[in-house]
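Engineer: Sequence:
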Amino acid sequence: MAPRKNFRNQAKKEVKPAAVVNKNGVKVEASVAASGGGFSGTKIFTWFMVLALLGVWSSVAVVWFDLVDYDNVIERAKEFRFNFSEVLQGKLSAYDADGDGDFDVEDAKVLLGLKERPVSVLLREAKEEYAVKEPDAAPTPDDDAAVPLPPISDDFIPDDSRDEATHPYGDENNAIDTKGELVEKAQPQQTVEESKQYNNQPGSYNNQPGSPETKETVQLRYNAEAESVPEPEADVEPEVESVPEPEADVEPEVESVPELEAEFVPELKENAEDQPKDKLKEKAKKKKPKLLNKFEKTIKTEIDAAEKLRKKGKVEEAVRAFETLVLQYPQSPRCRYGKALAEDGLAEKMLSNDMLQKAIGTYKEASELPNATPDLIKATLKKRAERQQFLGRMRGALATLEKLVQIFPEDMALKNDLGVAHLLIGDNNSAKRVYEEVLATAPSDGFAKVHYGFILKSENKIAESIPFLRDGLESGDPGTDDGRFYFHLGDALQRMGDDSAYKWYERGHQRGHFASVWQRSLYNVDGLKAQPWWTPKDTGYMDLVKTLERNWRIIRDEAQSVMDRTTGLFVPEEENLREKGEWGQFTLWQQGKKAGESCRSVPKTCGLLERYPEATGCKRGQIKFSVMQPGTHVWPHTGPTNCRLRMHLGLVIPKTGCKIRCTNDTRAWEEGKVLIFDDSFEHEVWQDADSYRLIFIVDVWHPELTQYQRQTLSPI
Numbered sequence: 000m001a002p003r004k005n006f007r008n009q010a011k012k013e014v015k016p017a018a019v020v021n022k023n024g025v026k027v028e029a030s031v032a033a034s035g036g037g038f039s040g041t042k043i044f045t046w047f048m049v050l051a052l053l054g055v056w057s058s059v060a061v062v063w064f065d066l067v068d069y070d071n072v073i074e075r076a077k078e079f080r081f082n083f084s085e086v087l088q089g090k091l092s093a094y095d096a097d098g099d100g101d102f103d104v105e106d107a108k109v110l111l112g113l114k115e116r117p118v119s120v121l122l123r124e125a126k127e128e129y130a131v132k133e134p135d136a137a138p139t140p141d142d143d144a145a146v147p148l149p150p151i152s153d154d155f156i157p158d159d160s161r162d163e164a165t166h167p168y169g170d171e172n173n174a175i176d177t178k179g180e181l182v183e184k185a186q187p188q189q190t191v192e193e194s195k196q197y198n199n200q201p202g203s204y205n206n207q208p209g210s211p212e213t214k215e216t217v218q219l220r221y222n223a224e225a226e227s228v229p230e231p232e233a234d235v236e237p238e239v240e241s242v243p244e245p246e247a248d249v250e251p252e253v254e255s256v257p258e259l260e261a262e263f264v265p266e267l268k269e270n271a272e273d274q275p276k277d278k279l280k281e282k283a284k285k286k287k288p289k290l291l292n293k294f295e296k297t298i299k300t301e302i303d304a305a306e307k308l309r310k311k312g313k314v315e316e317a318v319r320a321f322e323t324l325v326l327q328y329p330q331s332p333r334c335r336y337g338k339a340l341a342e343d344g345l346a347e348k349m350l351s352n353d354m355l356q357k358a359i360g361t362y363k364e365a366s367e368l369p370n371a372t373p374d375l376i377k378a379t380l381k382k383r384a385e386r387q388q389f390l391g392r393m394r395g396a397l398a399t400l401e402k403l404v405q406i407f408p409e410d411m412a413l414k415n416d417l418g419v420a421h422l423l424i425g426d427n428n429s430a431k432r433v434y435e436e437v438l439a440t441a442p443s444d445g446f447a448k449v450h451y452g453f454i455l456k457s458e459n460k461i462a463e464s465i466p467f468l469r470d471g472l473e474s475g476d477p478g479t480d481d482g483r484f485y486f487h488l489g490d491a492l493q494r495m496g497d498d499s500a501y502k503w504y505e506r507g508h509q510r511g512h513f514a515s516v517w518q519r520s521l522y523n524v525d526g527l528k529a530q531p532w533w534t535p536k537d538t539g540y541m542d543l544v545k546t547l548e549r550n551w552r553i554i555r556d557e558a559q560s561v562m563d564r565t566t567g568l569f570v571p572e573e574e575n576l577r578e579k580g581e582w583g584q585f586t587l588w589q590q591g592k593k594a595g596e597s598c599r600s601v602p603k604t605c606g607l608l609e610r611y612p613e614a615t616g617c618k619r620g621q622i623k624f625s626v627m628q629p630g631t632h633v634w635p636h637t638g639p640t641n642c643r644l645r646m647h648l649g650l651v652i653p654k655t656g657c658k659i660r661c662t663n664d665t666r667a668w669e670e671g672k673v674l675i676f677d678d679s680f681e682h683e684v685w686q687d688a689d690s691y692r693l694i695f696i697v698d699v700w701h702p703e704l705t706q707y708q709r710q711t712l713s714p715i
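Going letter by letter, the sequence shown gives residues 0 to 715 in numbering that gives the first Met the number 0.
Keep in mind the hints are simulated off the structure, nothing from the lab. Quick caveat: nothing in here was measured; it's all calculated off a predicted structure. Ideal placement from N, C-alpha and C gives every residue a C-beta, glycine not left out. One or more hints might be untrue.
[What the hints assert, rightly or not] Only pairs whose alpha carbons sit at most 25 Å apart, straight line, appear in this in silico DMTMM-like list of lysine to aspartate or glutamate:
| no. | residue 1 | residue 2 |
| --- | --- | --- |
| 1 | K287 | D476 |
| 2 | K603 | E574 |
| 3 | K618 | D542 |
| 4 | K296 | E316 |
| 5 | K592 | E609 |
| 6 | K431 | D470 |
| 7 | K293 | E364 |
| 8 | K460 | E436 |
[What the hints assert, rightly or not] Restraint ranges, calculated between C-beta atoms of paired labels, are given here:
| no. | residue 1 | residue 2 | range |
| --- | --- | --- | --- |
| 9 | T534 | G360 | 53 to 59 Å |
| 10 | T534 | P653 | 22 to 28 Å |
| 11 | E596 | N459 | 27 to 33 Å |
| 12 | Q509 | K592 | 34 to 40 Å |
| 13 | P408 | P571 | 38 to 44 Å |
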């Protein structure tokens with residue numbers, strides 16, 4: 000085909016006709032008759048074709064602009080692999096971009112990138128990508144034989160249980176600060192009634208002080224507005240019709256856990272070596288869940304085409320594609336499940352609670368459709384419960400999990416999840432009953448063991464908790480490799496006087512849960528300077544320290560004025576840290592919030608602190624008076640975070656008998672002096688004097704935290 004500029008030249012001037020040789024070998028002129036200068040039939044046809052082609056492209060250009068960039072058109076045409084011989088022959092319908100059966104202005108808009116291609120075309124092309132030769136007879140929904148499925152590309156796995164059923168976003172943990180990452184989104188708040196049993200316990204299951212957020216218990220909301228949204232009534236009825244159990248060849252999915260270091264966990268190695276090889280292979284083998292019913296296998300290419308859009312991150316297109324499928328096949332559970340997954344992905348992309356709530360509703364719809372496979376019901380309801388927990392809808396998630404356990408009573412993994420759901424709302428007793436049921440059926444279930452031990456420990460049944468925590472950790476079962484369980488096992492052993500506690504702390508450190516054997520906090524920011532004892536100069540808070548020390552008598556007098564037992568202002572320490580004795584506290588600031596009523600009782604003290612935001616704005620700390628009576632001993636323990644330092648101002652200190660140990664360095668308080676230490680390191684307190692000890696505790700941000708970190712870290 001001649002270049003465009005040659006068309007223009009041909010229209011402006013006459014070209015000398017070329018001589019051709021006819022079949023008899025005689026040269027003749029190929030243009031016009033000598034007499035009149037008119038056109039021959041051949042030339043007339045050539046002009047006709049030139050004008051026709053120019054007309055096609057000009058008509059497209061006139062619609063949008065005054066002219067079209069022909070070079071751009073040609074380049075786009077090359078991109079779409081135009082066959083120019085077909086263009087010359089008028090076969091432009093082969094380049095129908097909008098699926099209407101012809102080539103027109105709308106198609107040109109699509110080709111030039113001025114308009115998006117319709118979802119129907121995307122689905123059609125995706126289906127064609129998987130197209131295979133049709134079988135002789137199409138199977139009907141009632142056929143028992145498996146439906147022949149088209150080949151799937153190597154990079155596409157439409158129905159992977161790990162991705163869809165149990166792991167909302169793989170191993171993404173970028174919104175939680177278990178390992179020190181910043182939390183920029185608001186966290187759900189539990190009621191006092193729901194959280195009181197775990198309040199201030201390191202590693203507890205709610206977001207109270209000392210409770211790490213793990214993959215199993217992610218509860219962050221997408222934005223702060225969600226906090227003001229009341230939790231809806233549980234919409235899952237406890238009585239449900241029985242659903243057939245999953246087919247025998249479908250095993251509950253399990254998450255592989257890396258093998259612990261040989262030098263630290265020899266028991267796990269030995270256990271694995273003692274097991275028969277065929278049994279180990281059986282454990283490692285995980286069968287794919289069956290999410291398609293018989294009819295859905297006949298439309299699998301359509302489902303896979305929409306699913307491919309979702310897998311590739313084209314969530315808006317995936318939502319539209321699945322909405323189209325739901326309209327076409329309203330009774331298809333898999334189409335509706337795909338729609339829910341796409342809405343879920345779009346909610347994450349948009350950071351939209353409303354969209355996520357819509358996905359939660361669609362999950363419910365999918366699970367309730369007739370002819371849903373047992374595996375799809377299980378995957379759908381599990382996903383729904385996870386997303387309800389993510390939004391802080393703990394009671395709704397609990398109801399969903401209760402329904403799952405009723406449908407699949409033999410699935411111990413679901414019962415384990417139900418136990419966690421009870422813990423998340425502070426219902427220890429119900430969680431305990433669930434784990435007792437699991438252990439009665441599966442006595443070697445490591446997940447149930449560590450959680451049952453965790454509950455016993457919270458009930459102060461220290462000796463009873465140890466074998467469950469230890470056996471559960473040694474099992475290596477999924478969900479057991481958690482810093483909370485290393486923390487509580489070591490703590491229980493310490494309280495029993497067993498030095499093997501440090502072996503478990505070391506294992507926890509090796510597994511990445513603790514910064515060191517001594518520093519065992521679970522809410523950490525990596526890279527902060529770590530040392531047990533600090534000087535005022537080290538902290539950079541010299542002005543605050545001087546203010547406290549210069550005014551210590553004023554602070555002491557106000558503290559003593561509220562110590563009268565009849566006022567009830569001092570409350571007993573409730574963190575279960577005392578072995579014996581009496582320990583009272585009177586709080587002025589908690590999680591960066593001022594206790595106005597308390598400050599009215601000690602106005603001078605609060606007035607002194609108002610101009611020190613490193614203390615009053617420390618969302619991971621407290622400001623409080625602490626009084627300890629003679630005969631008190633506080634167990635070795637660690638604080639929940641490395642993001643703060645703790646100042647102790649001595650107010651009333653007996654001459655002997657009062658001391659504090661941090662790591663292996665023991666010191667004593669002095670009246671009017673400030674001691675500073677990092678309470679994320681192990682520390683222990685003794686009060687063996689003849690009279691009470693009174694100190695003023697002021698927590699401050701770790702000096703190496705940036706202003707941005709101080710603003711965005713979650714409260715503790």
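Engineer: State for each hint whether it applies.
Structural biologist: Comparing the hints with the structure gives:
1. K287 with D476: 20 Å, holds
2. K603 with E574: 29 Å, violated
3. K618 with D542: Holds, at roughly 20 Å.
4. K296 with E316: 22 Å, holds
5. K592 with E609: Holds, at roughly 12 Å.
6. K431 with D470: Between K431 and D470 the Cα gap is close to 17 Å, so the pair holds against 25 Å.
7. K293 with E364: 19 Å, holds
8. K460 with E436: 20 Å, holds
9. T534 with G360: 53 to 59 Å: 58 Å, holds
10. T534 with P653: 22 to 28 Å: 25 Å, holds
11. E596 with N459: 27 to 33 Å: 31 Å Cβ-Cβ, so the 27 to 33 Å window holds.
12. Q509 with K592: 34 to 40 Å: Cβ of Q509 to Cβ of K592: about 38 Å, so the range 34 to 40 Å holds.
13. P408 with P571: 38 to 44 Å: 43 Å, holds
Of the numbered hints stated above, the single one contradicted by the structure is hint 2.
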